[in-house]
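Trainee: Those protein sequences? They're chains A and B, same order as listed.
Residues in the first sequence are numbered consecutively from 724, following this note's numbering.
Residues in the second sequence are numbered consecutively from 927, following this note's numbering.
If you want a taste of the chain B side facing chain A, the calculated C-beta under 7 Å gives, among others:
(1) 959
(2) 967
(3) 968
(4) 969
(5) 971
(6) 1028
(7) 1029
(8) 1030
(9) 1031
Calculated from the structure, these hints are not laboratory results.
These figures come from a predicted structure and were not determined experimentally.
Glycine is no exception: its CB is placed at the ideal position from the N, C-alpha and C atoms.
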Amino acid sequence: DVKVTQSSRYLVKRTGEKVFLECVQDMDHENMFWYRQDPGLGLRLIYFSYDVKMKEKGDIPEGYSVSREKKERFSLILESASTNQTSMYLCASLDRLAMQPQHFGDGTRLSIL
Amino acid sequence: SQQGEEDPQALSIQEGENATMNCSYKTSINNLQWYRQNSGRGLVHLILIRSNEREKHSGRLRVTLDTSKKSSSLLITASRAADTASYFCATDGKGGSYIPTFGRGTSLIVHP
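Next up, chain B with everything else stripped away, as it sits in the complex (with noise of 0.2 Å):
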């Protein structure tokens, strides 16, 4: 079972818009990662953030975690086409394991 969920499950904006992704999880993690699923590919880790930080950038992402609500965002700035993937987040498995559990996704489309 899914321990992270994803929402929207799919966004349409326009190139040079900011795409904003959210993560809910269920139970306390150690660490939250996001990643991205290009169309029929691998996925490709962006960033991990640990349950005692609040905020991270990597380029045009910022990502945030929000423990006490048990949800993280995904903030892509200025938009490419280029960034339309899948975009996935996965926190520790349950019980503290190390294996990180998948949410369903979110497909987002950056239309030129």
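Okay, chain A solo, but in the shape it has when bound (with noise of 0.2 Å):
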């Protein structure tokens, strides 16, 4: 089974802060994805990678980075963080054979304070 893991599950930091989330996929997948949820709004996609050190704006990229510098790694960044940036976030990998599903991580529910 495929495991996508994310470094924390919950995290709270301040306005200002650099904060990174982490994501590991084992399953030598090509393309990860970084989402954020809100509740009414679903899945909106910030970054993606189709490979490594490639990355890809999604619909809403303000206000983060992303980083990619290993296949199976891929960090999400919060340059200087705000208050609307709490929220959950969901990082995800897909094989690029079509059909393929994509598996997701358990998400990180993050606080800026």
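Put the complex together from the two separate chains, hints included.
Mentor: Given below as structure tokens:
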């Protein structure tokens, strides 16, 4: 079974801090994704990566950056955290072979105070 | 922006009843997927249906797809309290992109 592991289930940070959310997958998937999930808004794509060192903006990239130095690891960075970035963050990976489902981590609930 | 939209937003039923959730989408797709999310957890893939399929079954789940109406439904038969979760449909991204686009989800509560 594919396992996607997010480093923290819960995280509390202060405004202005630089925040790192880490995600690791163990199935050699080319594609990895970061979403945020807010009540009533569903999942919104922040960034995705289709290969090492490659990244593409999703629907809501503002205030975020990402890093993919190794195939198995995809990091989401909040350069200067703000309260409106309080949310549930979900990481996913995907084998690019056609018709494959995404595999999700358990999420990180991030609170910015 | 969302491609798929689930309906209803919330559904409350008794154990043993059937639960039906619908998903409508806007542009042509190659496939549609349903996911489940337990409270505070990540999404788990349930079933994938291709655009040339009309119906698919997996255990107590039945998914239909009507490409002419750009809609899909997820039926959970003989529901259990453990089916309480949010359910999301996901379609191909715009222009045939392989990146799934998710709806806002249906919150299902099954009362024991």
